[in-house]
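Asker: Given next are the chains, with one letter for each unit.
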Amino acid sequence: MKEIKIKTRNLSLYYGSKMALNSITMEIPQKQVTALIGPSGCGKSTFLRTLNRMNDLIPGVKITGEILVDGFNIYNKNVDAVSLRKNVGMVFQKSNPFAKSIFENVAYGPKINGIHDHKRLKEIVEISLQRAAIWEEVKDRLHDSALGLSGGQQQRLCIARTLAVDPEIILMDEPASALDPLSTSKIEELIFSLKENYTIIIVTHNMQQAARVSDNTAFFYLGELIEYGKTKKIFTIPDKKQTEDYITGRFG
Amino acid sequence: MMGATGLSVVIIIAVIVIMLVVIIIGGKDTISWKFLTTFPQDGMTKGGIFPALYGTALMVIIMSVAAVPFGAITALYLTEYAKESSWIAKTVQFAVRTLSMVPSIIFGLFGLGFFIKFVGGGIDKIFSGGQLIWAQPNILWASLTMALLTLPVVIVSVEESIRAVPRDLRDASLALGATKWQTIRKVVIPGARSGILTGTILAVSRGAGEVAPILFTGAAYYLATLPHSLSDQFMSLGYHIYIMSTQSVNVDQTLPIQFATTMVLLLLTFTLNFVAVLLRSRLRRAQ
Numbered sequence: 001m002k003e004i005k006i007k008t009r010n011l012s013l014y015y016g017s018k019m020a021l022n023s024i025t026m027e028i029p030q031k032q033v034t035a036l037i038g039p040s041g042c043g044k045s046t047f048l049r050t051l052n053r054m055n056d057l058i059p060g061v062k063i064t065g066e067i068l069v070d071g072f073n074i075y076n077k078n079v080d081a082v083s084l085r086k087n088v089g090m091v092f093q094k095s096n097p098f099a100k101s102i103f104e105n106v107a108y109g110p111k112i113n114g115i116h117d118h119k120r121l122k123e124i125v126e127i128s129l130q131r132a133a134i135w136e137e138v139k140d141r142l143h144d145s146a147l148g149l150s151g152g153q154q155q156r157l158c159i160a161r162t163l164a165v166d167p168e169i170i171l172m173d174e175p176a177s178a179l180d181p182l183s184t185s186k187i188e189e190l191i192f193s194l195k196e197n198y199t200i201i202i203v204t205h206n207m208q209q210a211a212r213v214s215d216n217t218a219f220f221y222l223g224e225l226i227e228y229g230k231t232k233k234i235f236t237i238p239d240k241k242q243t244e245d246y247i248t249g250r251f252g
Numbered sequence: 001m002m003g004a005t006g007l008s009v010v011i012i013i014a015v016i017v018i019m020l021v022v023i024i025i026g027g028k029d030t031i032s033w034k035f036l037t038t039f040p041q042d043g044m045t046k047g048g049i050f051p052a053l054y055g056t057a058l059m060v061i062i063m064s065v066a067a068v069p070f071g072a073i074t075a076l077y078l079t080e081y082a083k084e085s086s087w088i089a090k091t092v093q094f095a096v097r098t099l100s101m102v103p104s105i106i107f108g109l110f111g112l113g114f115f116i117k118f119v120g121g122g123i124d125k126i127f128s129g130g131q132l133i134w135a136q137p138n139i140l141w142a143s144l145t146m147a148l149l150t151l152p153v154v155i156v157s158v159e160e161s162i163r164a165v166p167r168d169l170r171d172a173s174l175a176l177g178a179t180k181w182q183t184i185r186k187v188v189i190p191g192a193r194s195g196i197l198t199g200t201i202l203a204v205s206r207g208a209g210e211v212a213p214i215l216f217t218g219a220a221y222y223l224a225t226l227p228h229s230l231s232d233q234f235m236s237l238g239y240h241i242y243i244m245s246t247q248s249v250n251v252d253q254t255l256p257i258q259f260a261t262t263m264v265l266l267l268l269t270f271t272l273n274f275v276a277v278l279l280r281s282r283l284r285r286a287q
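Going down the list, the protein sequences come from chains A and B. Quick note on the working numbering: the first sequence kicks off at 1 and runs consecutively. Quick note on the working numbering: the second sequence kicks off at 1 and runs consecutively.
It should be emphasised that the hints constitute simulated quantities derived from the structure, not laboratory data. Where hints are given, some of them may not hold.
In silico DMTMM-like pairs for lysine to aspartate or glutamate, Cα to Cα no more than 20 Å straight-line [claimed, not checked]: (1) A:Lys86 with B:Glu84; (2) A:Lys18 with A:Glu3; (3) B:Lys186 with A:Asp70; (4) B:Lys186 with A:Glu244; (5) A:Lys111 with B:Glu84.
If you anchor each label on the Cβ, the simulated ranges turn out as follows [to be verified]: (6) B:Gln136 with A:Asp144: 22 to 32 Å; (7) A:Asn76 with B:Glu84: 44 to 54 Å; (8) B:Val275 with A:Asp70: 33 to 43 Å; (9) B:Ile123 with A:Leu147: 50 to 60 Å; (10) A:Leu147 with B:Gly3: 18 to 28 Å.
Which stretches of chain A does chain B cover? Using the computed rule of at least three CB atoms under 8 Å from a CB of chain B, they are [as the list claims (entries may be wrong)]: (11) 90 to 97; (12) 109 to 118; (13) 210 to 224; (14) 229 to 240.
Even for Gly, the Cβ is constructed at its ideal location relative to N, Cα and C.
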């Protein structure tokens, strides 16, 4: 068993008085891909967003329990959500490049972290784009607008942008749901290669995708963690009836 | 019903056309490069309108310097910091809406009472030992009064454009470890740039044409020299038309000058509004 990177203990989340996550306890291993699956509104995206404290920004959200990253509770008063997010990157469902050049998109994170040396920035941008498997496609037009890229390229650019901050954990919220099959497979290959260096947690609606890319799978339903284990096991001999019904497409 | 709507359309178009035709016919022989670049002559019955043009331009520049940053910061507060349901946000929103409904002459009176008597009087009492410098109408007080009048235009326009910056982009920035302020500075404000510009242009176009707010606060009947200090009075296009048509030594003789000045003012505000509309539609398309 690999080392544990993230551990949640009795994590509950409320939107006002409505409970969205009910006492989630799970351990996410380092440098593996963990998929979160479940029908819409089951809490998987909400759970993902608690890991980099993006839910903090929504008024009326209350969180109880704890999340330990490398043993430290990220909801501790002393932890700054801003510096946490440098360590826990996020890729969104809809690719969201800034209306800036490709170079400036990737350099954005390093720049706000105080790196202004142009040579250093160039290195970071190149390495990040290479890791995100998009360098070859954009190396000759780094100073063109990022908005001119195709949807799949934009999403890989967003991944490069996340990598440029040098996080240890990458959260992905349905990163390929808006893409065509070819772009999707490129993203999946990328995820596979990234797990060598990063701990990846991915929310997906696509069962095949979860089965293809992940090492572990967690099935959420109505704010509860129904079942969590090795992807192979979850997709072949799940313990719970609900999990089986969902995976075989009987509901959701 | 068709008849009634058709008639209203015809009336509206007719009013505009008649207005433009009358103004153009009346002013076309007078307007020239020389008209725009020379001082009035012979008790303002001849000559150009340069000081009025210059004064209006200077006034709207000072006004923008005051109104745009202040309005943009207010809009930023309303959109990014204030909780929409908080009493302070509601109060500010209410104040902005009310401000935009106040008749312009009231701004003029306020400027007289507040800027000239209170602020100017205070400055003179403290710094110049009672000598009259700031406690009288000047271009600074007139511009600030006009800034108050145009503030709602700036606020609403900037607010609109800030709200139009997609949530996605803010999230992307925050998720990269940017602080809220970094996100505002690097993502929100650049995204709202054209809205800020539109607001500025609309404010300038509104401010350039208003007369009432500067009536008591800084506009002069005639000045032989251009204003060269903030404590100088100034001539303005709108006010120039007003005095030419009501207080000239020979109103009939100055008619062509009035028409030509009106043409200049109209052209100025039309152009500015047109640019604002263009910018705004580009902004909408960009979304």
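Asker: With reference to the structure, classify each hint as holding or not holding.
Answerer: Evaluation of the provided hints:
no. : hint                               : in the structure
1   : A:Lys86 with B:Glu84               : violated, 29 Å
2   : A:Lys18 with A:Glu3                : violated, 34 Å
3   : B:Lys186 with A:Asp70              : violated, 31 Å
4   : B:Lys186 with A:Glu244             : violated, 47 Å
5   : A:Lys111 with B:Glu84              : violated, 32 Å
6   : B:Gln136 with A:Asp144: 22 to 32 Å : violated, 57 Å
7   : A:Asn76 with B:Glu84: 44 to 54 Å   : violated, 30 Å
8   : B:Val275 with A:Asp70: 33 to 43 Å  : violated, 55 Å
9   : B:Ile123 with A:Leu147: 50 to 60 Å : holds, 51 Å
10  : A:Leu147 with B:Gly3: 18 to 28 Å   : violated, 50 Å
11  : 90 to 97                           : holds (count 5)
12  : 109 to 118                         : holds (count 3)
13  : 210 to 224                         : violated (count 0)
14  : 229 to 240                         : violated (count 0)
Taken one by one, the earlier hints fail for this structure at numbers 1, 2, 3, 4, 5, 6, 7, 8, 10, 13, 14, listed in ascending order.
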